[in-house]
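Participant: Produce the entire structure from the sequences given, and follow the hints as far as they go.
Below, each chain spelled out in residue letters.
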Amino acid sequence: MLGAFISLLAVAFIGFFLFRVLPGDPVRAMTQDRKVSLEQLEALREQLGLDEPLWRQFLDYLGQLATLDLGTSYQYRGAESVAGLIAEKVGPTVLLVGTATVISAVLGTWLGVRTGWRHGSTSDRVNTGIALTLWSVPTFWLGLMMIILFAAGAGPIPDIFPAGGMRDPDVTGWALVPNVAAHLVLPVITLVAVVYAQYLLVIRSSVLDEMGSDYLVTARAKGLRDAVVRRRHAVPNALLPAVTMIAIDLGGIVAGTILVETVFSWPGLGYMFYEALKVPDLPLVQGMFIFFSAAVILMNLLADLVYPLLDPRVRR
Amino acid sequence: MSRVRSGLPVSRGLLALAIALLGGLLVVAAPSAPRAHAAEEPTRLTVGVVDPTVDSLNPFTSIYRLPTQIHRLMYDFLTMYSAEDATPTEGLAESWEHSDDGLTWTYTIRDDSTFSDGEPVTAEDVAFTYNTIMADDSGAMANASYVANFESVTATDEHTVEIKLKEPSASMLAIDVPIVPQHVWENVGNIAKFSNEGDYPIVGNGPFVLTDYQRNESITLEANKDYWRGAPGFDELVFRFYKDQDAVVEALRKGEVDVVNELTALQAEALEKEDDIHVNFGVGKRFAGLTMNPGAKAKNGEPIGDGNPALRDPEVRRAILHAIDRDAIEERVYGGHFEASGSYIPSRYGDYHWEPDEDEVIGYDPEEANRILDEAGYARGKDGVRVSPDGTRLTLRQFVHADDPQYRQIAQFMEEWLDEIGIEVKTTPSDDIGGILDTGEFDLLFTGWTVNPDPDYIFSIQTCDVRPAKPGAAYQSDSYNCNEEYDRLYEQQRTEVDPEARAEIVQDMQKVLYEDGVVVIFGYPEMLEAYRTDVVEEGSLMLQPAGTGNIVGQDGYWSWWSAKPATGGDGGGDDDSSTGTAVLGVGAGVVALALVGGFLVMRRRTATADDRE
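Residue numbers (the working numbering), protein chains in the order written: chain A, 1 to 316; chain B, 317 to 929.
Check each hint, because a few of them may be wrong.
As the list claims (entries may be wrong) - Simulated restraints, written as ranges between beta carbons of each label pair: (1) A:205 / B:652: 54 to 64 Å; (2) B:790 / A:205: 54 to 64 Å; (3) A:140 / B:856: 33 to 43 Å; (4) A:17 / B:509: 22 to 32 Å.
What the hints assert, rightly or not - With a Cα cut of at most 16 Å, we get these calculated EDC-like pairs of lysine to aspartate or glutamate: (5) B:613 / B:781; (6) A:278 / B:748; (7) A:278 / B:367.
The set of hints was computed from the structure by calculation and includes no laboratory data. Keep in mind the model is a prediction, meaning the values are calculated, not measured. Where is the CB? At the ideal position from N, CA and C, for every residue including glycine.
Facilitator: Have a look at this one:
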């Protein structure tokens with residue numbers, strides 16, 4: 001608990017300096033190609049607090065953090081605050097990442113148990129091969145292929161799915177549910193394709209570890225059917241590592257979907273982070289960095305707390 | 317090892333998967349069905365924009381490109397730039413005149429314009445808008461530069477605005493400031509903090525009224541049927557945001573969007589082959605070029621950085637100019653979608669654009685370049701690289717935008733071209749060209765600017781006066797250029813109220829830049845755009861300039877205002893195949909279910925068989 005808090009504090013410190021190293025002058029990036037006077041440039045610099053010395057900016061930043069204020073974005077000036085922006089865009093990301101993680105975990109676990117139980121078989125080799133291939137495919141390229149094949153349509157493949165975004169602009173109310181679901185299909189498939197191999201491999205090796213265990217021999221000796229041995233005895237033990245993985249994934253993927261959100265124009269945190277890095281929009285970048293880190297730390301903490309409940313061995 | 321498998325958990329998992337699959341397919345099919353073929357459905361034009369930033373919808377504070385363009389649709393400006401050739405034409409002001417000394421401008425405001433809430437637009441709204449920018453720091457952020465020269469703005473009666481100036485100005489028909497309704501904006505409190513979001517429709521008097529904005533998703537506008545210039549052709553105009561250029565091209569092919577821009581040559585050429593898509597090659601609005609470090613100095617005379625001293629020699633710069641092959645850039649870098657030219661102002665601005673006479677051309681001529689350098693005493697060393705009379709080696713550090721493939725190719729050509737004349741070039745791609753300009757630690761630096769119809773600003777960034785006051789101070793210069801003759805002409809054009817006389821001065825300025833060689837222009841990349849002809853009537857979109865210009869990013873609303881729905885098309889921006897899609901979706905679902913069902917049955921059999929082992 002204390003460890004988590006200290007980690008978070010360190011993140012807040014690092015966050016400030018890490019992004020100051022980014023090349024580029026926010027004021028110049030923002031006023032690019034625009035007729036602005038010297039006075040306007042200076043006023044903007046002052047408004048953003050960039051005219052202050054670094055230590056001063058740092059103190060201001062710490063002061064804000066102490067009151068849980070993440071500041072105001074440079075570029076999204078229509079928005080109230082960085083915290084508000086994150087709150088606004090966390091929903092779409094959780095929807096995308098959550099769906100993808102659940103499907104990846106279920107699919108990966110299921111295949112992992114099967115391949116592990118029958119390791120060395122053709123289905124094991126084929127499944128592991130496919131998973132590893134998909135895992136190595138560049139996310140961006142896979143996403144683009146998805147769009148070209150299933151959004152624009154190619155040859156006999158119909159153009160069923162949307163090419164990007166989270167919804168059509170004219171859709172409101174309950175009609176949003178099917179509309180968003182339709183927009184969700186391709187990005188989720190892409191994300192699952194790239195991610196599920198992790199689960200498959202971890203569960204597979206975990207099942208392999210359990211296979212030789214004495215308790216399985218005992219179970220078999222009791223005359224239990226092989227399927228029951230697997231389901232009742234082997235799998236629950238083999239699943240333990242998946243818990244940690246899901247926790248880390250849920251925290252980490254939030255930041256890691258930048259590529260998928262970008263290629264599918266999904267209006268979530270990844271899209272916004274990319275957008276903020278370009279300027280660089282320092283308060284937004286810092287705020288999101290802290291948020292992402294906090295998510296990972298929190299999920300790890302959660303996994304630490306849940307683990308003893310599942311596995312009596314770590315309670316000691 | 318046992319080969320026994322179980323049927324039950326597997327089948328449950330598969331069943332769940334099948335249901336999910338079927339559900340997904342039905343869901344996909346469902347939304348498109350009710351939208352098809354409804355007669356009274358409004359016509360909608362959807363524009364796909366790539367990677368836009370919408371900082372704010374408040375015209376007093378917004379400085380990014382897309383919102384600035386959207387404001388042209390929401391609010392009238394005092395005057396506009398014609399679609400014909402981007403020269404000043406009537407906007408909210410139907411006529412204007414200035415006093416003989418050029419210090420007082422009087423605009424007559426039209427009486428047939430109303431805001432979308434029914435209030436008439438009057439001279440008071442104009443005066444309020446300008447005065448807010450002048451008086452209120454919080455209102456000055458975006459547009460202060462347009463009113464910096466204003467002494468006072470008054471509405472002398474309901475339809476007359478009088479602007480008194482500090483000094484005469486050539487730019488009084490180029491005030492790019494959206495006129496806002498006073499009765500709304502006087503009540504918003506701190507203008508800097510006001511987002512102008514949420515309270516839809518947003519009151520304005522332009523050809524479109526903004527009715528919705530979803531951050532990082534879309535902006536929706538509805539036609540203002542009572543617009544004084546005439547109602548727009550489409551009922552709705554939607555800007556949809558995409559992050560990736562390839563994705564938006566697929567969205568156009570699919571019919572998810574109807575207009576796209578910023579295409580690469582490859583994309584444009586591929587789209588040209590498609591039915592129902594028209595590709596537009598708009599004449600360039602942006603110059604591509606580089607600057608040679610002229611020995612960067614602050615205004616107080618202190619040097620900045622460490623530019624190669626040889627470049628201070630006009631003869632060396634001239635030799636380099638002779639080594640550049642603009643036609644090769646046009647053909648080999650941009651595949652012909654480029655207009656090679658050495659002039660600062662693009663040819664789309666016919667009155668201002670300058671072309672050298674035959675005897676003034678500094679063309680591609682490596683021999684001449686070598687002759688100039690030989691004569692000026694830059695002898696070649698053992699390795700073929702020249703050395704200046706005072707012993708400086710002619711090695712130049714060249715910096716180019718890392719994210720611009722065309723620029724990087726030009727940079728490569730520069731290395732080859734200068735190698736031919738005994739100058740060594742070392743290229744560094746960079747993400748922070750501006751930061752390198754700050755330090756002055758460069759010899760050749762790539763640059764590019766979009767040129768607006770009023771050239772005052774683009775000329776100003778090459779004057780002595782915009783250099784930093786001292787090293788490290790704020791500045792606007794794009795090159796550290798400082799040329800007395802140029803500055804003299806700049807001051808003249810700035811206050812020259814007569815358009816023809818100004819055009820002449822402006823042409824002379826370009827000649828000075830061209831011959832001086834600190835600012836080197838390669839030419840103007842074309843603007844590659846495409847639209848769906850089954851949604852937009854082909855040719856109905858007005859281009860700026862007429863016949864050859866661009867659609868997206870005009871100085872005005874011409875293209876969106878003039879676009880007409882294609883006859884026979886559904887005009888909804890969605891493809892006609894929605895019913896087909898629905899049928900197909902359901903069909904695919906049924907097939908999938910049948911397959912999965914069959915599979916399950918098979919599995920059960922095997923499972924039972926195995927269990928019996």
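Participant: A separate judgement is required for each hint: does it hold in the structure or not?
Facilitator: We went through each hint and held it up to the structure:
The beta-carbon spacing between residue 205 of chain A and residue 652 of chain B, approximately 57 Å, falls within the hinted interval of 54 to 64 Å. Between residue 790 of chain B and residue 205 of chain A the beta carbons are some 59 Å apart, a value that agrees with the proposed interval 54 to 64 Å. A C-beta distance of roughly 37 Å is found between residue 140 of chain A and residue 856 of chain B, which places it inside the suggested range of 33 to 43 Å. Distance hint check for residue 17 of chain A and residue 509 of chain B: the Cβ-Cβ separation is about 29 Å, which falls inside the suggested range of 22 to 32 Å.
Proposed proximity of residue 613 of chain B and residue 781 of chain B is supported: the alpha carbons are some 11 Å apart, at most 16 Å. A distance of roughly 11 Å separates the Cα atoms of residue 278 of chain A and residue 748 of chain B; the hinted pair therefore holds under the 16 Å criterion. For the proposed pair residue 278 of chain A and residue 367 of chain B, the alpha carbon gap of about 11 Å is at most 16 Å, so the pair holds.
Checked against the numbered hints given earlier, this structure breaks none of them.
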